[in-house]
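J.: Each chain, written out:
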Amino acid sequence: MKNEIITITSKYQDDRHRLMDILIDIHDLYGYVSEADIELLSERLGMSEVEINETITFYHFFSRTPRGQFNIFLNNSITACMRGHDLVKKALEEACGTTFGSVSQDGMFGLYSTSCIGMNDQGPSAIINDKVFTNLTTYRVMKLVADLKSGKSPDEAIYESTGDGNNSDPYVRAMVFNNIRKRMVILDKDHIKFEVVRSLLKGHSPEEIIDIVENSNLRGRGGAGFPTGLKWHFGRRVESEHRVIICNADEGEPGTFKDRVLLTEFPDLVFEGMVIAAYATGADIGLVYLRYEYRYLYKFLNHILDKMRKEGLLGKNIAGIKEFNFDIRIQLGAGAYVCGEESALIESLEGKRGEPRDKPPFPVEKGYLNYPTIVNNVETLATTVRIVKNGADWFKGFGTKDSLGTKLLSVSGDCKFPGIYEVEWGTSIREVIEMSGADDVQAVQVGGPSGVMISVKDIDDLGTTELMKWYKPSGMMVAQKTFDRKLSYSDLPTGGSIMIFNNKRDLLKEVVMNFMDFFIEESCGSCSTCRNLPFIMKQKLQKILDGHGVRKDIDDLLSWGKIIKISRCGLGQTSANPIVSSILNFRYLYEQHVKAMADFDNVFDLEKSVEAANSFVGRKANFHHA
Amino acid sequence: MNTTIKFKIDGREIIAEKGQTIVEAAKANGVYIPTLCNFEGLPPKGCCRMCTIRISNRYMTSCTTPVAEGMEVESDIPEITDFRKGIVELLFVSGNHFCPACEKSGNCELQALAYRFKMMVPRFPFLFPQKGIDATNPKIIKEQNRCILCKRCIKGIKDDEGRSYFAYKNRGNKLEVVLDEKMGKEITDALARKAMDNCPVGSIIYKELGYYQPIGKRKYDKKPIGSEIEI
Ligand SMILES: Cc1cc2nc3c(=O)[nH]c(=O)nc-3n(C[C@H](O)[C@H](O)[C@H](O)COP(=O)(O)O)c2cc1C
Ligand code: SF4
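Protein chains in written order, with our numbering: chain D, 1 to 626; chain P, 627 to 857.
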């Protein structure tokens, strides 16, 4: 045991910054991290034991107690719940002989709930020993568990054929479907791989490449919408020995799965975008932060990186350009939505808990290991390849004045054709509803929580406050009367998550409660506000749903929702949005539940609270208050 | 090169040095911005959000934001005061704070801020969470009921090799600060005392030295928090 741990830490040069990799390797071996492992890690890495424990206990896929031989992480997103999650959950409990959050007595099965795993268009889905199982039903669950019990591996249990496209590649072999419904320029199949790096870069200086991207007015597709050219420009400005390009493949916003499809079908495009970004900014270190849920793509992606190295598209003097040295490493996450926030992502890359950093300084000044760091979304990087190839003017031919180009939407929920739609910016919600074959629509959730954007007037003095004009898109629940609103940065900005709810859904009980649980589960806990308020507000909503609400409770929710805006990162700042935006757009749903006449209800019901005792002793208590 | 910077807090002119944070500059100019997780000499980390201010309509933490020429900071305005009071209330309801029975009463910054903001009954319901007390260490009691997770001990109490005695555990509303069992056994008296003094509330208690300062003669018994700064 001791030797194995030492082998692992030596593989990473006993570097504490590689703690994530070390812990993942330990989990692959033992399934959890024991007291003895921590002691040894503490010696090898020069950290105290509590510091190592801090990282372990932060991530959902890490454990301090033994897990099962098969660990089943069932996704509990709202769309999964709408498609039979509860039945599947019950079937799993029965088949595995244990309850969620625990391991069966024979040590065979561990059952766990997990936030959105990027499969909203094919839920309920689960991850079993890093393999994804989609479209689960009670029948499939029974069959699956029986297979595992009979000695099949999860790999062998993917008997019902693998998915379309590269999902069937020998390096992937996943039961996942791309569901690409509409292609425009980014999802264009007829492109020549690595054409830009091979033949176009040489003819342009790095500054010219940045100019092209800046002229295109491309804005980040991760949700925050920061101008990409400007970000590259900043990343280039700061003097430094090293410079870092990070591809943000953490895709954790509930309801998004477009980065998964890009990584499956267009990985070359994403990596090419990274190489272009490296050339433009002078970066030499490339990192992909891949969410653990997408681990089934890890080998496949590394295989492509190997091919690129062989073809001279990574490594030294890339594509024959002298002194252009750049390579890419894929870092796996371990289950934490907040790690999609760029500075939390960097903390995680350094082996720490994913707690966002205070800004300033911004990553472009001081990021990974304090080097200037450019974090870009998967889709942003893929888009830059098209822009450099076809020019800024071509790109401006798509979209609206303030939102140029196309956007990948991840559409899920109550519709006939969930999946990926590449649309021009400016598309209205009504059009999306029609495209996806949805009817009887009650509400559409556009965009989950996302980051913060700065726009900088004076690039010569980074870091002063007047330079930081934040722009904060946020999850919005849109009601029918506003379905003509358009997807754009000035109206409805979005990272691409579109969830549709029909009139049979209870928006408050099902949807809003599910979203609040998500925020409570995923908060890093650092801010006093974000750690406590979502829980308190959810309790208040529960009070209303239980019929104990009064009018003031609705006003309280609105006013408490303001306090949370002073949290550090986009997660906290938007965590009251499910409640606040549903009050603003669906106030009548709240008013149906609250008592119209009463001013006060303290929830305590004397008669109810002694009911159980009454029935136990078999008599009725006398109340003197009535 | 001129390193002096001029800016305004609530209309009042502040003269600062380049590189200072807003909190530091405010203090040097006799303006009190309440803080809780900030501690002189330690790198700031905007955890408690108490020092939130507004600049060009954006909320920032003044303990982490450097001063800049000409900026206009809003601090003592009704909206922000209400947020700050809200934070105090959140910290009260999310822990179990029974001031009269607490060794830190009178020296406690949370209690002092509650007085300063005239908190009567918190607007939020009390959560009465179940939290434990770790008294296994020979020198320190870690009282989780009172911990406000400010990180001051994590950042401030380290050994010669830079390893922390304290660290976070878990995340979200299950977050805790825990003391390293092994390192904790070896902690010196001086460092254990320092840990208690570092803690803004009564979550880290140095054993065998109860009430060395009588109640009534403690820091905030005489003057409200912030009055040492304000002019
Ligand atoms: C809580 C939170 C989660 C985020 N998750 C993601 C994510 O999964 N993927 C992503 O690209 N950006 C995510 N972001 C936005 C990133 O912080 C960052 O803005 C983005 O990666 C920048 O890339 P872009 O400019 O290309 O969009 C998240 C932000 C927040 C606050
Ligand atoms: S807002 Fe929430 S998730 Fe973001 S840093 Fe604060 S506590 Fe962590």
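These are calculated hints, taken from the structure and not from any lab test.
Take the hints with a grain of salt, since some may be wrong.
Said to hold, decoys possible - Covered by chain P, according to a simulated footprint, are these stretches of chain D (three or more residues, beta-carbon under 8 Å):
(1) 251-261
(2) 316-328
(3) 376-385
(4) 527-533
Stated by the list, open to error - Which stretches of chain P does chain D cover? Using the computed rule of at least three CB atoms under 8 Å from a CB of chain D, they are:
(5) 740-753
(6) 820-827
Virtual Cβ for every residue (Gly too), placed ideally from N, Cα, C.
J.: To test your reading of the hints: which numbers does this structure violate?
T.: 1, 2, 3, 6
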